[in-house]
Amino acid sequence: MCPDFETLSAFFDNEIEAPHDRQIEEHIRSCAACQAKLEEYKQLSEMMAGDPEPDFAAGMEAVRLSAHSLSRIKKVKTVPFWQRRINIPVPALGLAALFVVFLGVVSVLNLTRTADASFAMKTRPDSSIYTEDKIPVEDQDLEKIMKALEGQDLNREVIFHIPDESKTFNFGEPALIKASDRKR
Amino acid sequence: MPEKGFDEIYKALNNVIFKVAFRIVGDQDAAMDLCHEAFIKYFERIDPLPDLDQTKYWLIRVVKNLSFNFEKKRLREIKGINKLKENTQPFTASHEEQVIKQEIKSDVQEALLKLPYNLRVVLVLKEYGKMSYKEIGESVGISEGNVKVRVFRAREKLAQLLKEKINYVP
Ligand SMILES: [Zn+2]
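Residue numbers (the working numbering), protein chains in the order written: chain A, 1 to 184; chain B, 185 to 354.
Hints were generated in silico from the structure; no laboratory data involved.
A portion of the hints provided could be inaccurate.
So these bits of chain A aren't anywhere near chain B, every CB distance computed over 12 Å [as the list claims (entries may be wrong)]:
| no. | residue |
| --- | --- |
| 1 | Ala-18 |
| 2 | Ala-32 |
| 3 | Ala-33 |
| 4 | Tyr-41 |
Within a straight-line C-alpha distance of at most 25 Å, the following computed DMTMM-like cross-link-like pairs (lysine to aspartate or glutamate) qualify [stated by the list, open to error]:
| no. | chain 1 | residue 1 | chain 2 | residue 2 |
| --- | --- | --- | --- | --- |
| 5 | B | Lys-341 | A | Glu-61 |
| 6 | B | Lys-314 | A | Glu-46 |
| 7 | B | Lys-349 | A | Glu-53 |
| 8 | B | Lys-349 | A | Glu-6 |
| 9 | B | Lys-298 | A | Glu-39 |
| 10 | B | Lys-263 | B | Asp-291 |
| 11 | B | Lys-341 | A | Glu-53 |
| 12 | B | Lys-318 | A | Asp-4 |
| 13 | B | Lys-314 | A | Glu-6 |
| 14 | B | Lys-195 | A | Asp-55 |
| 15 | B | Lys-203 | A | Glu-61 |
| 16 | B | Lys-203 | A | Glu-53 |
| 17 | B | Lys-195 | A | Glu-61 |
| 18 | B | Lys-349 | A | Glu-46 |
| 19 | A | Lys-42 | B | Glu-348 |
| 20 | A | Lys-37 | A | Glu-15 |
| 21 | B | Lys-314 | A | Asp-51 |
| 22 | B | Lys-347 | A | Glu-40 |
| 23 | B | Lys-318 | A | Asp-21 |
| 24 | B | Lys-347 | A | Asp-51 |
| 25 | B | Lys-298 | A | Asp-13 |
If you anchor each label on the Cβ, the simulated ranges turn out as follows [claimed, not checked]:
| no. | chain 1 | residue 1 | chain 2 | residue 2 | range |
| --- | --- | --- | --- | --- | --- |
| 26 | A | Pro-54 | B | Asp-237 | 38 to 48 Å |
| 27 | A | Cys-2 | B | Asp-213 | 41 to 51 Å |
| 28 | B | Leu-233 | A | Leu-65 | 20 to 30 Å |
| 29 | B | Asn-199 | A | Cys-31 | 36 to 46 Å |
Quantities reported herein were computed from a predicted structural model and do not represent experimental measurements.
Ideal Cβ placement from N, Cα and C applies to all residues, glycine included.
Make the full structure from the sequences, and use the hints.
Okay, structure coming up:
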């Protein structure tokens, strides 16, 4: 008697335990229908494996560098902090508008140890050139933050480092500024 | 997390992590974002993971969890485009269709994206993640038996979609 196809699918994945796997194997040897089904799963698997993929090497290298830079920044700091990573394409004209959105989301900052707050800005992962500038923020003056961002490349990743001790109040809708939401 | 250790792990795993992310969301940029987020979460981890396999499953679990947001967004967009098709002149609709077609790279990926998310994730983890039913079950939070059922259903559905596609093309 033929095993059901669900079992054949699991057999194809080597997920049938002994001694049942032997029994199925034996059956398949003399059953054209089961052989055909197994062949179908094999072809499907090969089709998936052989399906072309985008060239992601450069992009993933940038992801690695970005993760590195985050760890480096973390090491340099003696005071632990939480950080928020936000991809913001910053068109010069839309800057102000974006920051209004940003403000609504991230928080109202009440920095008790302002000296540790800084921005790190670097090119987006899809760029081959990797640079990073850290811009210290002396106080919570948003004018200064915006000034610092002006004149930067259009596509930059902006990382905000906020000292551990600072009090933040989150409100607004985080989804508004997620990189994925902005991009697509 | 020491940097040297990270590089080794990255070298060993970035390939499979990207593949899994890409096959679930079907979009290169979105997949890259998912990988970025997953590796940063890994950096932020305090407890070390025992070995490379555990690290892989952990990263894949993170990617899988994050991918759900992309899926919701993707479905919203498809809904939006369908609505647009219903309510607009034919030439606008065909323009929208062209936009979609440009994003789709292959029959296989197109068919994968037509699978229900729950089936797609499990099959992707099997075929591209090279994970056992047990590992998939732990990543997704379902039983091994459930993985078996979903892998089977995903295969049948995918095969059917690809057959339709191949027959349909003039
Ligand atoms: Zn049979």
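Quick rundown of the hints versus the structure:
At the 12 Å boundary, the C-beta of Ala-18(A) stays outside the reach of chain B, the nearest C-beta of that chain being 16 Å off. At roughly 18 Å from the closest C-beta of chain B, the C-beta of Ala-32(A) stays outside 12 Å, upholding its exclusion from the interface. Residue placement check: Ala-33(A) keeps its beta carbon more than 12 Å from all beta carbons of chain B (closest about 15 Å). Distance to chain B contradicts Tyr-41(A) as a non-interface residue, since its nearest Cβ pair spans about 6 Å, not more than 12 Å.
With a C-alpha separation of about 35 Å, the suggested pair Lys-341(B) and Glu-61(A) falls outside the 25 Å cut-off, and the hint is violated. For the suggested pair Lys-314(B) and Glu-46(A), the alpha carbons sit about 13 Å apart, so the restraint of at most 25 Å is met. Distance hint between Lys-349(B) and Glu-53(A) is fulfilled; the C-alpha atoms sit about 20 Å from each other, no more than 25 Å. A C-alpha spacing of about 24 Å is found between Lys-349(B) and Glu-6(A), which places the hinted pair at or below 25 Å, so the restraint holds.
Of the supplied pair hints, the one linking Lys-298(B) and Glu-39(A) holds, its CA atoms being roughly 23 Å apart against a limit of 25 Å. Of the supplied pair hints, the one linking Lys-263(B) and Asp-291(B) holds, its CA atoms being roughly 21 Å apart against a limit of 25 Å. Between Lys-341(B) and Glu-53(A) the CA atoms are separated by roughly 22 Å; this keeps the pair inside 25 Å, and the hint holds. With a CA separation close to 21 Å, the supplied pair Lys-318(B) and Asp-4(A) stays within the 25 Å bound.
The suggested pairing of Lys-314(B) with Glu-6(A) holds, with an alpha-carbon distance near 19 Å, which does not exceed 25 Å. Between Lys-195(B) and Asp-55(A) the alpha-carbon distance is near 16 Å, which keeps this suggested pair within the 25 Å criterion. Under the criterion of a C-alpha separation no larger than 25 Å, the hint pairing Lys-203(B) with Glu-61(A) is consistent with the structure, at around 15 Å. Of the pairs offered as hints, the one joining Lys-203(B) and Glu-53(A) holds, with about 8 Å between alpha carbons and a cut-off of 25 Å not exceeded.
For the given pair, Lys-195(B) sits about 10 Å from Glu-61(A) by alpha-carbon distance, which is consistent with the 25 Å threshold. Among the hinted pairs, Lys-349(B) with Glu-46(A) is consistent with the structure: their alpha-carbon atoms are about 17 Å apart, no more than 25 Å. With a C-alpha separation of about 19 Å, the suggested pairing of Lys-42(A) with Glu-348(B) holds against the 25 Å cut-off. Between Lys-37(A) and Glu-15(A) the alpha-carbon distance is near 17 Å, which keeps this suggested pair within the 25 Å criterion.
Of the supplied pair hints, the one linking Lys-314(B) and Asp-51(A) holds, its CA atoms being roughly 16 Å apart against a limit of 25 Å. For the given pair, Lys-347(B) sits about 11 Å from Glu-40(A) by alpha-carbon distance, which is consistent with the 25 Å threshold. Restraint check for Lys-318(B) and Asp-21(A): the C-alpha separation of about 17 Å stays at or below 25 Å, so the hint holds. Proximity of Lys-347(B) to Asp-51(A) is assessed by CA-CA distance (about 16 Å); at most 25 Å being required, the pair is judged to hold.
For the proposed pair Lys-298(B) and Asp-13(A), the alpha carbon gap of about 23 Å is at most 25 Å, so the pair holds. Our hint of 38 to 48 Å for Pro-54(A) and Asp-237(B) is violated, since their Cβ atoms are close to 26 Å apart. Judged by the Cβ atoms, the range 41 to 51 Å given for Cys-2(A) and Asp-213(B) holds: they are separated by roughly 45 Å. At about 22 Å, the beta-carbon gap between Leu-233(B) and Leu-65(A) stays in the expected band of 20 to 30 Å.
For Asn-199(B) paired with Cys-31(A), a C-beta distance near 38 Å keeps the hint of 36 to 46 Å intact.
Going down the numbered hints, you'll see the structure goes against 4, 5, 26, while the others check out.
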